[in-house]
Amino acid sequence: MMALLFTVFAPLAGALVLAVLTPLRIAGWFNIAISALNFAASLALARAVATDGVVAGMSFRVDDFNVYLLVLTAFVSLTTAIFSRPYMGYVRESGRTTDRGMRLYHTMFQLFMFTMMLALSTDNLGVLWVAVEGATLATVLLVSLYRTPEAIEAAWKYFILCGVGIALALFGTVLLYFAAQHVLEDPTKGLTWSALYGVAGQLPPSVMGLAFVFLLVGYGTKVGLVPMHQWLPDAHSEGPTPMSAVLSGLLLNVALYAVVRLKMLVDGSLAGTELPHMAGYLLMGFGLVSFLVAGLFLHRQRDIKRMFSYSSIEHMGLMTFAFGLGGPLATFGALLHMLVHSLTKSAIFVTVGHATHIAGTQSIDHIRGLIRTQPAVGWGLLLGVAAIAGFPPFGVFTSEFLLLTATMQTQPWFTVPLLVGLAVAFAGLFRHLQPMVYGSVPEGQEPVQANMLPVLIHLGLVLWLGLSIPEFLSHWLNRATELIVGVGLL
Amino acid sequence: MVELLPLWSAGLAVGLALTSALVALFSGRVVSLLRILAMPLFALAGLAALVAGLSAMVQGDILTAQLPLGLPWLPWRVRLDALAGFFLCVIGVVSFAVGIYGGGYVRGLEHGRDSLPVLGGFSGLFLTGMLLVVLADDAFMFMVSWELMSLSSYFLVALHHDQAANRRAAFLYLLMAHVGGLSILLGYGVLAAFGDGFAFEAMRSSELTFGWASVAFVLAFIGFGMKAGLVPLHVWLPEAHPVAPSHISALMSGVMLKVAVYGFIRFVFDLIGEIHWQWGVAVLAVGSISALMGVLYALMQQDIKRLLAYSSVENIGIIFIGLGLALLFLGTGHKMLAVVAFVAALYHTINHALFKGLLFLGAGAILHSAHERNLEQMGGLLRRMPWTGAFFLIGCISIAALPPFNGFVSEWLTFQAALQSWQLDSGVLRSLIPITAAVLALTGALAAACFLKVYGVAFLGRARSRHVRRARQVPPSMRAGQGVLALLCLLLGVLPTFVIALLNVVPQQILGQGLIQATSQGWLWLTPISPETASYGAPLVTITLALMLIAGLWLFGRGIRRVKRCDAWDSGFAPPNPRMQYTATAFAQPIRRVFGLLFHIDEGVKLQPDGRRRYQLNVNDRLWELLYLPVARGVERAARQVVRLQSGNVRTYLSWTLATLLVLLWIMA
Amino acid sequence: MSLSSWGVALLQALLYLALAPLLAGWVRKVKARLQNRRGASLLQPYRDLYKLFGKEARMAHTASPLFRAAPYIVFTATWLAASAIPFIATGLPTAAVADVIVIAGLLALARFFLALAGMDVGTAFGGMGASREMFVSALAEPAMLMAVFTLAMTAHSTNLSSMVDYQLLHSDILRPSYMFALTGLVLVALAETGRIPVDNPGTHLELTMIHEAMILEYSGRHLALMEWAAQLKLLLYGVLLVNVFFPWGMAQGIHPGALTIGLLVVMTKLLLLGAVLAASETALAKMRLFRVPAMLNLALLLALLGLLSYVILEV
Amino acid sequence: MGLDQLSLLQQLMITLSAMALFTSFALLEQARLVAAIHAFAWQGVLVAMVTAVVAASGGLEHLFFSAALTLGLKALLIPWMLHWLVRSLELDRHKEPLRHPALVIMAGVALVIFSYWLVLPMVEEELMFTRNIVAVSLAMVLIGLLMMVVRQQAVTQVLGFMSMENGLFLAAVSATGGMPLVVELGVAFDVLVAMVLFGVFFFQIRESIDSLDVDRMNRLTERTDEE
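Chains as they are written, first to last, in my numbering: chain A, 1 to 490; chain B, 491 to 1159; chain C, 1160 to 1474; chain D, 1475 to 1701.
Hint data in this document are derived by calculation from the structure and do not stem from the laboratory. Do not rely on the hints blindly, as some may be mistaken.
To be verified - Capping the alpha-carbon separation at 27 Å, the derived lysine-lysine pairs in DSSO-like fashion look like this: (1) K1214/C - K1445/C; (2) K1190/C - K1054/B; (3) K1054/B - K1428/C; (4) K1210/C - K1190/C.
Said to hold, decoys possible - Covered by chain B, according to a simulated footprint, are these stretches of chain A (three or more residues, beta-carbon under 8 Å): (5) 151-163; (6) 378-392; (7) 462-471.
For every residue, glycine included, the Cβ atom is placed at its ideal position computed from N, Cα and C.
My request is simple: use the sequences and hints to build the entire structure.
So, in structure tokens, the structure goes:
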């Protein structure tokens, strides 16, 4: 319990301190320290969960499903903090932001972490909603941090779209609560996920169906499902790079986590009707569309960060599809994919940060000859993209392998669009990547002082996961799978 | 202990390959490290693989092991049977030669711009990937090693990434490798869905309906065919192979394509289970087309490495003709004949590995000392680099399928298999196979013409450019590397009976039968089916040829009179100068005219900036605009349409949200 | 296989060597007669060879060692190929050394080195000859193999002597496939031996020659070997035609009597064939290079028809 | 179901929510900014009254609190903030006529019918009456969204957003007798922060493109020049 509270509230405290902390020099270090503390706490929490199943209380509930997301979130936030200290320093020197901006950045970074932790660990769907909305509010100012017209425009779109989406999600939540009124003996518990899950079978299907639509559209906006995705590339490309890393690596995961939790409820309630898998089908549809459309988007990119945000949409689509597919194998694969995608994608964004720093621009046409300029960055980008494109021995291949085989077993014909999508997306990524990393150096391009440690750690982990999945992790994922679909894989 | 020798040395090979990769990583600081340590380790890895393969084939029993890697419920399984052993030999022998050769070759790169760690590191990984593919005993490990192979070779292709053309080649290569990999994965998926799980035993036990089996077969055929470079999936090959460093090209053309062949054999002959003759027809057709198109395109090339790459397409085609015959005979229940065809295919596999490796090493030697890839600039190299010239000649004779070298033996065996088609019951098949035989014969003749052109233009005559005239002998290590392969070409050509006796265990394990009478007349006579059907006394032919040659040269040459030199007679014209020689283009012109409709030729006289007129000719692949460009355009068009989603107007976005919401609500209610 | 049979095989091989110039001489003689010339004597080719062996051999400065090795390889390969073809008797061990595919291979080897030698000195004519030779053979070789495969499939063996035996056994059957194969093979033989209408052995007119262009640079014993090899090739194809399609009178065993009869029979057959060849050469004119493919495609077509008519009609 | 079977309070409730629905129509077509803000304020008042009535009828004390909260937030604070913003952005004279008002109103009506049709299947008897109010609030949400689609002025978009919130709140109150307190507080807090941020953004947008016309924010697009 202690660990849980630490995990959730350490970032909040950190944010408050950072908001008032006067000397900005140490703010970056302090940021790292908080994240490290947070990570340690999450590890302790994970141990607790591993020993005694579920840690619950005070409307918090941490089980095997969200504990690994908690650890992942804390970890990515740590590495991103490590990366962001020098990077934001460079941003400050380049004069793109002010001291106030820096303070805002650090505060909001931790605040965002707090909302993530809260959303993941709470048992109350209302609080979940509040947290996700809070995440929007925390990040929207960071998107407009640079105050360029583009940045403001991106922030506005982000704000409006996510605001609307999240409002719809709230309506869904209300309907859920409404449906729970006449089922639970204690109506005020009507938003407690665990309580609802217990009685999912009795929830009125008609209401639940409507509720799920609202929730799916709402949280789906945050996941970045096509056609509610439009905010995502804008926000990613205009915000500071560490922000893009955590958005792609964490926020999307959390939103998807919410969707899956709710799907579990809806599945329970729809089980009796003539369309028991309606929710699953919706997810599959959204996932597939997002996957294919994003893959096509990749072909016509001019901005490197936009490109990778589209690739995030693509992978989110893949996971959504897998969760919709259901079944232990697919779910296991999707969980694994969440993990490896977050690691790889945040690593890529870190590298992209350095790359844009080297080239002084985000325009793909002007980033050239990275390998010759700074081999570490160039190879980091190249290998990162190879990993995200699903090449072994990196972990993404493993999860995609599982997803494909799961599809093959349950819905063979869906494998065709999946394969086409993978090929198209791959071509889209590499046709833009190659000119950036290869070739000779444009004149006046200098190597920069880059901190590739996070990238090294992330890609190392992904490589490890690709070669073999460690015992404890496979057990985690397996128990999570049991939780979600009822039956485990191992 | 001794019965585990194959596994141990296979493991050793993998370990050595990885070590070589690891060592090479530090060659950024210590430049000579690659040459002194990494390449020898590479050669040793090849040697270990060779030992593993040979011992596995000699023992003829199946060894398995498990690695602490992979998925929790699907650990990496390793299996070393005769088939794997054979392909370990193929990989090992070429890698060994390449390792020796590379020591000298990379010296030329030490002061270039290309990063040595990348070269060495990925060479090691490349070898590791190929070894693991052959050893894998479950689909997951297979795919991982397969893609590892593709990825590392991609980085090697992209090594000289300063020219945009090379980048394009690398991209095309990786894209097609990726697509092929996915298709293979899908094929395994079908098998796994019917058997339980991705271990190969499980797949062997799977019972498939004809429909699903055919689906799996087609997927595998596409996937492996794409890697092997079968027409029409070959376009990446002539782009990618030439741009890699030459010893890597030797590995790619000589070995990697064979790994694809291995995958195909493993999948179709071993895993699918019951075999249907219709597959055989498909494979036969594709194989014949590949063989013919490959050699015709090879004839049209002027870039020597590109030419070699195209000829790889041809030889892969020949291998697949053999495999197709085997499938066909199996499907119609003539196991004995199937074995002949199968052995022929295997024989040609190792042969092609040997002489294509040898030829690429030779091309590398030319590149190394003359800095030239374009045939039109070469000439008279035989007198400047006699050793390379001699080895290259051996390679040319072998690949042109002329006795007494190895290429002839495998082609002979393929013919023998084809000639047994009178035993089939269906008239259609009986009349189909002879046509294949005709194609094979035509291919052989054209291949002879092609490599005559290469050798005549590159090594004979007189130098056509100054830098070629300055070419010098290459360092001994490079000569040794070529020598090993050349020697093997000769041995496999002269002593086919021993080779077949060794090969026999593979069909015995895979098809449950071997060639019974192949060596019934003793080691002098190769009689694959029966002595009265066909026989070939390779040793006798060789001995006679050698005796006569020596006698002639010694008797006349040394003994009695020495040969005086004079100007060329040339029908009494003025002494010819190098520019009057026949060029490669001119050499191929008659054939180009006859087979013109297969190529996309644009020929003409172009006005140069300096006012001189210049004859220009380029021969392109028809398949580009037939197959590939439409796909690319389609994707582009789709992308352009989809992009409209991101119109930039927030109200449009909101209306999308609203519309989605309403539609979903309508669906739900 | 007994020693005596080896002996006969050797004898047969030597017979090839001995008789090759004679056939060439005979063809020339008949041709001369048909053109109302007296012509040189039958033995003229022998005299030429003797003279050439006696003369000093010269090589161009630019010639490489390969240039010297080539004649021996060409000669040996052709001779080996020839000696594997049953001449006077069947069932000889040499026939087992090389079946028909190997024979084709050996001829290809000879051609390969011939063309290499042509390109070696680096003259325009050499390259031209090599290019044209490979071009013609590329089309001729498949046709030849197809034609032979017809017999091979009929006899269920690619071994020439067993083909001949089979033909002797079933000589009463009339086979359409054989007619196709025969005509195809005749056309191929004309092309391969460089006779009119494909090539003209008599000419040194630069733009038309193929075979002569390649051996233009040779002199002395080298030239002699090349010429001899060419005559061997002519004889080889002749024997192939007459013995495989009309094997009557060949010695089955190795009794001296049978052998002598076989020799006489085959020589008469060859004389007839030579006469026919001479007649056709006087009647026909040499065709343009790019009309050669048409003829060879016809040969290939005929051979394929033979094969198909076998697998469809006769099994 | 006739009104006569309902208690007076429930009749009152229906009337009030009907009026709330009307206000959102007013918002939808109101051209003048200030007037729109007033309409929004009235909507807030009505929602607060509904809340109070529900509290009275159901005897749920904590609803009185949230009624007060709503009144303070939706009817007073936010409208006041908007007013202040509009004044300081010199937009008080701003008029933004709709392109096709009739069409938009029709669409709104269609949305009302659609949402009623949607909630029809919830036919447990005791839900009968709340069902209608759920329909009304759903209609309010959808109309709010529609408003954000058709209005191209940033402030009016915010108004649309806020009226969506009102709809949500109405649903929460009428259908379920209010969410748990912690959630309500969280929601209210989020709305408040959102409003503040909106204010911040108004100024940022203003200084970047010196107008509040969202249609002019279209730099970020994948469209290239050729199409």
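Outcome of the hint check:
For the suggested pair K1214/C and K1445/C, the alpha carbons sit about 32 Å apart, so the restraint of at most 27 Å is broken. For the hint linking K1190/C to K1054/B, the alpha-carbon distance of about 37 Å lies beyond 27 Å, and the restraint is violated. As the CA atoms of K1054/B and K1428/C are separated by approximately 44 Å, the hinted pair breaks the 27 Å bound. The hinted pair formed by K1210/C and K1190/C meets the criterion: a straight-line CA distance of about 23 Å does not exceed 27 Å.
For a cut-off of 8 Å, the count of residues in the stretch 151-163 of chain A with a CB near a CB of chain B stands at 4, and the three-residue condition holds. Counting residues of the stretch 378-392 of chain A whose CB falls under 8 Å from any CB of chain B gives 4; the rule of at least 3 is met. Counting residues of the stretch 462-471 of chain A whose beta carbon lies closer than 8 Å to any beta carbon of chain B gives 5, which reaches the threshold of three, so the coverage claim holds.
In this structure, the hints that do not hold are numbers 1, 2 and 3, in rising order.
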